[in-house]
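**Student:** Using the hints provided, position chain D relative to the given structure of chain U.
Chains as they are written, first to last, in this note's numbering: chain U, 1 to 329; chain D, 1 to 283.
Derived from the structure by calculation, the hints contain no laboratory data.
If a hint is listed, it holds; no wrong ones were tucked in.
Going by beta-carbon spacing under 7 Å, a handful of chain U positions derived as facing chain D:
| id | residue |
| --- | --- |
| 1 | Val187 |
| 2 | Gln210 |
| 3 | Leu239 |
| 4 | Ile242 |
| 5 | Ser282 |
Only part of the chain D face toward chain U is listed, based on derived beta-carbon distances under 10 Å:
| id | residue |
| --- | --- |
| 6 | Asn82 |
| 7 | Thr85 |
| 8 | Ser90 |
| 9 | Leu92 |
| 10 | Ser98 |
| 11 | Ala101 |
| 12 | Ile128 |
| 13 | Cys130 |
| 14 | Gly133 |
| 15 | Pro180 |
| 16 | Glu246 |
| 17 | Val265 |
| 18 | Arg272 |
| 19 | Glu274 |
Think of the CB as a built atom: it goes at the ideal place given N, C-alpha and C, for glycine as much as any other residue.
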Amino acid sequence: MDSPFPPSSLSPGDGHIVVSLLPAGGSGLEAMTYQYPLKLIAPSPSIDQHSILVFILSYGGGLVAGDAVNLSIHVRPESKLSIATQGHTKIFKTPSPDITTRQNIHAQIDNDAGLCLLPDPVQPFEDSVYAQIQIFRLESRASLCLLDWVTHGRSARGENWSLIKWTGRNEVWLCAPKESGQERLLVRDSVILSRDGSQAVGRTLQDVMQNIAVSGTLILRGNMMRSLGEFFIAEFDTLPRIGAQDFRSPEAKAKAISGVSDMQQWRSQRLEMEKQGGVLWSAAQVRGCVIVKFGATTVEAGREWIGSMIMKEGSIAAQFGNQSLMCIR
Amino acid sequence: MASLHLGSDPVNGIQDEILELERRLQDAKERLKTAQPQQSPARDPGPHLAGSTHFLLLLSDSALPLGSFAFSSGLESYIAHNRRTATFSSFLSSSLSSFAATTLPFVLAAHRDPASLVALDDQLDAAIVCTVGRRASVAQGRALLGIWERSFRASQPDADQGVLRAFAALLREESKRDVPLASAHLGPLFGAICAIVGLGLRQTAYVFMLSHVKALISAAVRASVFGPYQAQKVLAGQQVQVMIDEMIDREWNTQVEEAGQTVPVMDLWIGRHETLYSRIFNS
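Isolated chain U (complex conformation):
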C-alpha cells in the first residue's frame, strides 16, 4: 500500500541544519530536518541568545552497531550556531567486527559566520566498532570551534579501552567563495584506536593508551576563536618546565603567592588540578588553526580542565552564549 505521506528525501540517520542571519539581526534556524536514529532539538531561542543552539540526540542515548548518522550543516553569512549533546554518545557493542557504527558531519561555514561544536565525549563500549568523519568547509572569514573527545568506556563495568576499533577524522578545508573550486586542506586530524593495530606491535590497546581515560582534540580557527587560540598558546608557553627545581624556601614561596594577580592564582590552581587529574596537554599553531591535544587520567578531570580553560578565557561564552558550554561544565 502506498504511504499517504509525501516521500522523504532523507535516509535513516540523515539530518540537515541551515542557520542564517535574521533580517532583524541575530541568528535564525532556516531549516532543520532529521530521521531516526538521529534526533535534533532546537530549544526556542530566548531574546538575548547569541547563537542558535541545537542538540544532537540519538534514541536511547546511543548508537547501536550499524547505525549511521549523516548530519549536514550550513551556517550562512554572519550567523552563529552552537551544537551540544545530552550526555555521552554511547557506542554499543557490535555483533560482528565488520559492522561499523558511523557518524559523519559535513559542515559549510560562510564568511563572518561561526560554528561552535562542544559536545560531550563519545563513549565506546566494550567490543564496539565506530568510525567518525567530520569535515568542515570554511570560507576565508569563517570561524570554527570543534571539540572531539573519546573516553575509555564504562569504567564502572571495568571497561578500559575495551573497544575493537574507534576511528575519528576531522578535516578543516579553506574554500574560496563563489565556487571557484579552489579548496585547501588546512588540518586533517585523525585518530585510530584499534585492538588489532596494537596487537601488531605486541601490545594491548589499554597499554598503548597508558593510563589515560579520555583523549581529546580542540580545533580553533577564525576571528571569533582568535583570542581563545592565543590564550591556549600563551598558557602552554607558561607551563612550568618539567624537571626544573624550585630552590626557594617555603616562606619565600608563600610570600610570592600572596602578592599575585587573579590570573596567576587561577593558573596555579589549574596547574595543581592538572597534576591531580593527570592532565597532559599541548597546543600548536598549524596552518592558520590552533590545535589543542589533551588527555587525562579521569574523564571528569579532562572535562574540568577543558571547561575551565574555555570559561576562564570567556570569548566563546561572550559570542555564542553560556548555553554553548553546557557539555564542558
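**Tutor:** Okay, now just chain D, sitting in the frame of chain U:
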C-alpha cells in the same frame, strides 16, 4: 592396448635408471674431488650487485646527513614524563606503531607515484598537528632534498623527470605564509627519492622504518638509557624485524586520507618536549 594397462612398468624402469645415473654422477664427483684436491671449486665472482643496492646502502646508512641524530621522536620527553615507569621497549613499540600509522602511507604513496609529491607533502603538512613533530619532519625532509640536489642528482640526471626539481623550486619561492604550498616533509620525499633511484616498494618501507628505529636507539644510547652493545642487541633482535614487517603489512593498503595517530599520548609527549627544563634533542 596392453601397454596402457601396463603403463607403470616403463615409468618404474625410467625412475630406476635415473637413480642409477645419479648415483654414478655422485660417485664420479667424489672421485674428481680426490683426483684434484688443491683446486678450489668455485672462482666465479657472481653477478654484480644491482645499482639500486648501492643506493639502498647509501639511504640506509646512518652517515646520510639528514641530521636524524638531533631528534629523539619523543623519547626524551617520554622519559621525563614517566620517570619511574619508562621502559625503552614499550616506547619503541608505541613509537613504531605511531610513526608507521601517521607517515608510512605517505612514503608508500610517494613511491607508487612520485609525481604526486607536492600533493602528498601538502596533506602530510596538514596532518602533523604538533609543532615539534613538524619541525623534526621538515628539517630532515629539507636535508634529504638537499642531498638529492647536491649529491645524488649528478649520478641520476633526469631520473626524476623533473619532479624533484619542480618541488625544490616551489619550496624556494615559498614565502612565510600561513598555509605553505610546500614544506618538504621527510616521508613523501623519502618515498619519491627511493622510487627514483630504483629501490623496491617493500625495501623502501623497510629502510624507512629501520632508519626510525636506528635513530631512536641512537638517541637512547646518548640519553644513557642503555649502552651501545645493548643497542645493537635490540637492533639485531627478532622483535624489531617482526614489528617492522607487521607495521608494513598493516599500512600497505592504507590510503593517505586514512592515515592517523594510533598512540594519542605520543602527540602529547612530542608536543610537550618544549616544556622540558633541559633538553639534549630537538624532539
